[in-house]
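On the provided structure of chain A, position chains B and C as indicated by the hints.
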Amino acid sequence: MKEVINLPVKNIEEEEYHINMGPQHPSTHGVLRLVVSLQGEIVKSLKPHCGYIHRGIEKMCEKDTYPQIIHLTDRMDYLSAHINNHAVCLLVEKALEVEVPERVKYIRTIIDELNRIASHQLWWCSFGMDMGGLTCFFYGLRDREKILDIFEESFGSRLLHSYYTPGGLMMDIHPNFQKGVKDFIKYFRKKIKDYDDILTGNIIMQERTKGIGVLTKEDAISYGVIGPSGRASGFSCDVRKHHPYGVYDKADFREILGNDGDTFTRYLMRMHEMRESMKIIEQLIDNIPAGDYTAKMKAVIKLPAGEYYQRVEAARGELGVYVVSDGNKTPYRMKFRSPNFSNLSALDHISRGVKIADLVAIGGSLDYVIPDIDR
Amino acid sequence: MNFSIYDFTSFNQWIDKFLYDNLPPFWAVVVEMTIIGLVFLLFYALVGLFLVYAERKVCAFMQNRVGPNRVGPYGFFQTIADFIKLMLKELITIKNADKLLFNIAPFIIIIASFMAIAAIPFAKGLHAIDFDIGILYVIAVSSLGVVGILLAGWSSNNKYSLIGAMRSGAQIVSYELSVGLSLLTIIILAGTMQFSQIVEGQANGWFIFKGHIPAFIAFVIFLIASTAETNRGPFDLAEAESELTAGFHTEYSGIKFAFFFLAEYMNMFIVASIAATVFLGGWMPFHVGAWEGFNHIMDFIPPFVWYIGKTFFVIWMMMWFKWTFPRLRIDQLLTLEWKYLLPINLVNILVMAFLVLMGWHF
Amino acid sequence: MDNATLKERILGLVPDAEFQENKQFLTFIIPPARMLDLAVALKTETDLAFDFLFCLSGVDMIKFLEVVYHFESTIHKHQLALKVRVADRENGSVETVSNIWRTAEFHEREIYDLLGIRFNNHPDLRRIFLEEDWKGHPLRKDYVDEVNIVEL
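Protein chains in written order, with this note's numbering: chain A, 1 to 375; chain B, 1 to 362; chain C, 1 to 152.
Since the hints were made in silico from the structure, they are not lab data.
Backbone N, C-alpha and C define an ideal beta-carbon position, used for all residues, glycine too.
Some hints here could point you the wrong way.
Derived contacts from chain A toward chain B, CB cut-off under 7 Å, selection only [as the list claims (entries may be wrong)]:
1) Pro26
2) Arg142
3) Glu145
4) Gly201
5) Ile204
6) Met205
7) Arg208
8) Val354
9) Lys355
10) Ala357
11) Val360
Just chain A, with the same shape it has in the complex (with noise of 0.2 Å):
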């Protein structure tokens, strides 16, 4: 008699598809890998995995000086570099007490906010290429390259510049730094109704990333989504708004707030939030006063005693700070609280049920630096 065998029955519903988004995968925007489940093409759950280019830069900062570590804060997050650097610069200034002068805090409010557009230009650019739109790419970089060039021009470097020094800058501007700057405000206007002809309003963008990935304003304060993507859920979390530094106290402009965040509302506060740097930029290139480019410092920086907190908007949200100081000139911990941090956390939370596809965007409307995540 023949014996019959008692397979085990797989429930194929329950079957679980998983596939390797990264360390090589053309989205991921550098080398960041997610282990995403599948459904067919549903996202169940997926799992970041970190730490690919992870360099140590906070056990590297205990054994640096405070003005070598402004080196290292370009590394971060090389998109809004000085940004980064200005965080540690006012950290230092901060705890030693120095009053920067007023020139080099219009001068740094000015270069910060070109670099954010910087940032958020190449974001849209590769925003565009993950939806399949490649032309974004190239249209984006034209932009960024004069940026650059402004960058050029007055410092020598193009992407990591390490021009803020504790105390003010490096050197002077370059003469012709305001009327480059002006040229591009007027250049740029023009060329950000292209953005919006040739991405924004496209209908296929909009089906694809209307209600998509949606993050409710108590979660994005939960899993501490800032900047812009937080701002997209309604969170009000501008630094420049709640907790002012160089001179944006002086200058009239919105911190936009979305309600609805999803990809959508991700996309369009970063497109305002160009705008709105902008409207800084032109409000204060004309006032830069006339004085020192950098206040006087010692030769050698040494921190008093004690812990300091810094933070700064960076172009992906707020950066922190944390120092803990033993007297010596090199600090006793360094902490950087990185935006792209706690924002790829809540990755996992809002894709879950979405398509391959809309992972994505989903992604790239978070825009994360991996550099930043790993440090």
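Okay, now just chains B and C, sitting in the frame of chain A:
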């Protein structure tokens, strides 16, 4: 109307007669087939190379770039250099891949596009086979390509490839319907499925003008559906480089990848040719009702030039779509087909049938 | 709520909290056992409403390990810093707050990875940056790595 200067019929008949006079019938057929095969192979390669070049230039133009400009004048030989590079590259065999299917897949795709090209009339008397069911043949043959894509995705032993292939299967099977139905609209108007007859029927006006609004709607639907059927952007979900790295051909390298690449462009050429033949008069010159002088001048432009011009206009439109639109999502893609294009198409056919019945077309 | 009232309020909730002088934030050192109760109170009590944990860091103070929480209330706009000290360097642990502030999940994993402080009841306590088989915790002051760290 007189096309005698550009009529290839007598030329073909002369070759045919010459061969049959000098060779036994069997060998005459063999020689004829070989000649046709070689001519198509050459044509295929030339068009493929040119289309790749054209795409790069068009896309560069849309993206504020210059495009290829180093190899030869205006970078014209760039694609040839690329082709040589692809020929010399190593063919990587994937571990645990289904070797037989993996190797067959690119050939299936390229054979499908090769077969479709045979029925297309390039000028009067210049086509390989003039089937009396030409349109049906082309639809049938061009949908063979999906088998190749499915096999490529399945045999690669790669999860991205599999997802890409599955997407592609769903997509092509769905859009096949719209392609067929939009062509059916014109078949009702033309009253024949033979390509040569369809072109002849457009001597006094292209079908897109003769068929009123239904013909125009059919043309738009055909354009959308055929773009989807050739897996080109914004419907390039099967490749979707930002989602699936390269979809079904992720694991292919060297000349096998080149086959996929070439087949994509040739499929584009084929659907553009069908669009040009069925809707835009094929090799027929552009004529306006009573303008005798104008019509006469148009007649002097060779039909082959007309045909190529129309085809490349359609190809250019497809490139324009690709480089300006973001990609659709799979559910939107299927919604577009089943909920919009298909019902519109069915109503359109009824309207067209009614028009033809009442004799209201031109 | 201004800092003086906030101080009274916190000391009312945790009487054995130790106040620490700091120019920027109102800072307290909280006994590890009381942290979870206090965290729940900070989030839920309407007059406190510290809903935004904007920084969570770990510090190796050699004698003990320290976890520093920086809170802000998005409603009342007041800020607070809390410290929890872990004396046991090898098996020291703190209650997780990741179920109260979801952002803590990643930050606690980072602290566990780099400083080796364990978080009880954490949903997914794995190393986040370094490999699973990495030896030691790099941000500790007594960490030695002769290959990767070059001392000048």
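Evaluated hints:
Interface hint status for A/Pro26: upheld, as the beta-carbon distance to the closest one in chain B is roughly 5 Å, under 7 Å. Annotation: A/Arg142 was flagged as interfacial toward chain B, and the flag holds, the nearest CB pair being 6 Å apart, inside 7 Å. Because the beta carbon of A/Glu145 sits about 11 Å from the nearest beta carbon in chain B, more than 7 Å, this interface hint is broken. A distance limit of 7 Å between C-beta atoms decides the matter here; for A/Gly201 the minimum to chain B is near 12 Å, and the interface restraint is violated.
A hinted interface residue such as A/Ile204 counts as satisfied when its beta carbon comes closer than 7 Å to some beta carbon of chain B; here the least separation is about 5 Å, so the hint holds. Against a cut-off of 7 Å between C-beta atoms, the interface hint on A/Met205 holds, since the closest Cβ of chain B lies about 5 Å away. Hint on A/Arg208 holds. Least Cβ distance to chain B is approximately 6 Å, under the 7 Å limit. Using the Cβ-Cβ criterion of 7 Å, the hint placing A/Val354 at the interface with chain B is not satisfied: the shortest such distance is roughly 10 Å.
The closest approach between the C-beta of A/Lys355 and any C-beta of chain B is roughly 6 Å, which is under the 7 Å cut-off, so the hint is satisfied. A cut of 7 Å between beta carbons decides the hint on A/Ala357: the least distance to chain B is about 5 Å, and the hint holds. For A/Val360, the interface hint holds, since its Cβ comes within 7 Å of a Cβ in chain B; the closest pair sits about 5 Å apart.
Taken one by one, the earlier hints fail for this structure at numbers 3, 4, 8, listed in ascending order.
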